[in-house]
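Quick mapping for you: the protein sequence lines, in order, are chains A and B.
When we follow this note's numbering, the leftmost residue of the first sequence carries the number 4, and every step to the right adds one.
When we follow this note's numbering, the leftmost residue of the second sequence carries the number 4, and every step to the right adds one.
Read the hints as simulated data drawn from the structure, not as lab findings.
As the structure is a computational prediction, the values presented were derived from the model and not from experiment.
Hints may contain errors.
For identical chains, the list gives no copy identity; a pair is met inside one copy or between any two copies.
Calculated lysine to aspartate or glutamate pairs in the EDC-like style (CA-CA distance at most 20 Å, straight line) [unchecked claim]: (1) Lys193 with Glu251; (2) Lys54 with Asp205; (3) Lys193 with Glu246; (4) Lys54 with Glu185; (5) Lys176 with Glu251; (6) Lys31 with Glu251; (7) Lys93 with Glu160; (8) Lys93 with Asp205; (9) Lys5 with Glu222; (10) Lys93 with Glu199; (11) Lys54 with Asp210; (12) Lys54 with Asp201; (13) Lys234 with Asp143; (14) Lys87 with Glu72; (15) Lys202 with Glu72; (16) Lys20 with Asp86.
There are 2 protein chains.
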Amino acid sequence: MKRPIIFITNDDGYQAKGIHVLIEEMRKIGTVVAIAPRVGQSGMSHAITFKDPLRVRTLETAPDFSFYECSGTPVDCVKMGLDKFFKTLKPDLLVSGINHGSNASICSIYSGTVGAAREGAINGIPSIAFSLTDAHHDADFEPYRSHIQTIACAMIEQNSLNTNVFLNVNFPKVDSIGELQEIRICRQTKGVWIEEFDKRTDPQNIDYFWLTGHFDNYEPEVPDSDEYLLKQKHTTVVPLKIESTDMEALGVLQEMIATTSGK
Amino acid sequence: MKRPIIFITNDDGYQAKGIHVLIEEMRKIGTVVAIAPRVGQSGMSHAITFKDPLRVRTLETAPDFSFYECSGTPVDCVKMGLDKFFKTLKPDLLVSGINHGSNASICSIYSGTVGAAREGAINGIPSIAFSLTDAHHDADFEPYRSHIQTIACAMIEQNSLNTNVFLNVNFPKVDSIGELQEIRICRQTKGVWIEEFDKRTDPQNIDYFWLTGHFDNYEPEVPDSDEYLLKQKHTTVVPLKIESTDMEALGVLQEMIATTSGK
């Protein structure tokens, strides 16, 4: 079998430790093209840049590996890579991460790491977002190498998953590899981040605010949800879909508008 | 019945024409609190700002109307407003827009206008994103006032829609109100933006790239999809949901991982 072509990006920037671990693992499997943001892009979700121009710089090129940095968002990196290298032949896999910090539950909506994987799926590429529930810049990614291999290989070999589905993978923080439990397929925990702005005053006596908050887990005891399983030290895999029309709401909405229009 | 409290934001910034039309319409219905970005935030999707502080400035305050600008993204504006004004009492409605430019089909993923409405829904607030398929800064919003009223009032009065569902409303560009057809409930058209980077060279002889592209509509003739109906000059209303786990994929994925792990 010919070696697969794997497209790598992240949201923590090309210098982050997580993407270098992911590059090492993917080079064991295939030919790697990596394009990562110039600077950290955490919380950039599915943002794109079209009112400012983008810059790209080559970091490294070898026969089976090339690495670039781009001035834009994670989704810009995906779009740039697809345009630059994959006009005729799509990559066999897109992987994003490994993010320094959890992207479980509702965090998948805010995450640039997940945004990049979603953009891969929109373009019909099997795509995976990898994140570790440890935001430290020097987090230990060693325990997860085998799980990364399993999930990436499964995604390359499969042909039964709908092309519009991509994977949101989270690793629990563990102190040793012995503590890590097996991979579990599950659904996204329902919950919300409750915002708490931290108000401060600058030297010019003008207020400014830091966005902080805490996570309100609506279902802390539901065993097939990702937050719960991460607490049990499982690696979690949530299949996410792009399509977001709520087909069940169509009828209710029809009625609502008809009633109000008729008044 | 007590007058509803309506939270308004947008992604084109507080000076855009679209938000001022929306403010006028909502003030006919209720008490309005508006918090909009300081500058244009098109394409910011569901991005949040937590590595830089945010600033807020009061633009206007009256008994039934207050207006602020915030240095962050549309979702930051929603979070800021919820924290600042709605800690104990939630607004009855959140409306975002009117966006200068279409947010139909897959654009709903990239849109800051839609991101703000999604954030409202995440917080359990009935939420609507309004967009006009005309990106001109001086676009004519007059023909759509009656449809805005119908949809906003329907959303305030209803109690049967799941709280995790929000509305993505798009108005067709029309030359006169007579050309505008009735409101249609429909689903999001399937399609993809094909990126085409426009490469240029700056005076320092360094390349830079503008993100451009064209929309590839996978189903141009499907009559219950938003792109099709907009071409027929209908106002389109698509119910979108927050939950994006693909429950059908869980079994397939279980099998995939088990097979690969067993090798």
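Practice task
Against the structure, test the hints numbered earlier, and report the numbers of the ones violated in rising order.
Solution key: 4, 5, 6, 8, 9 and 16
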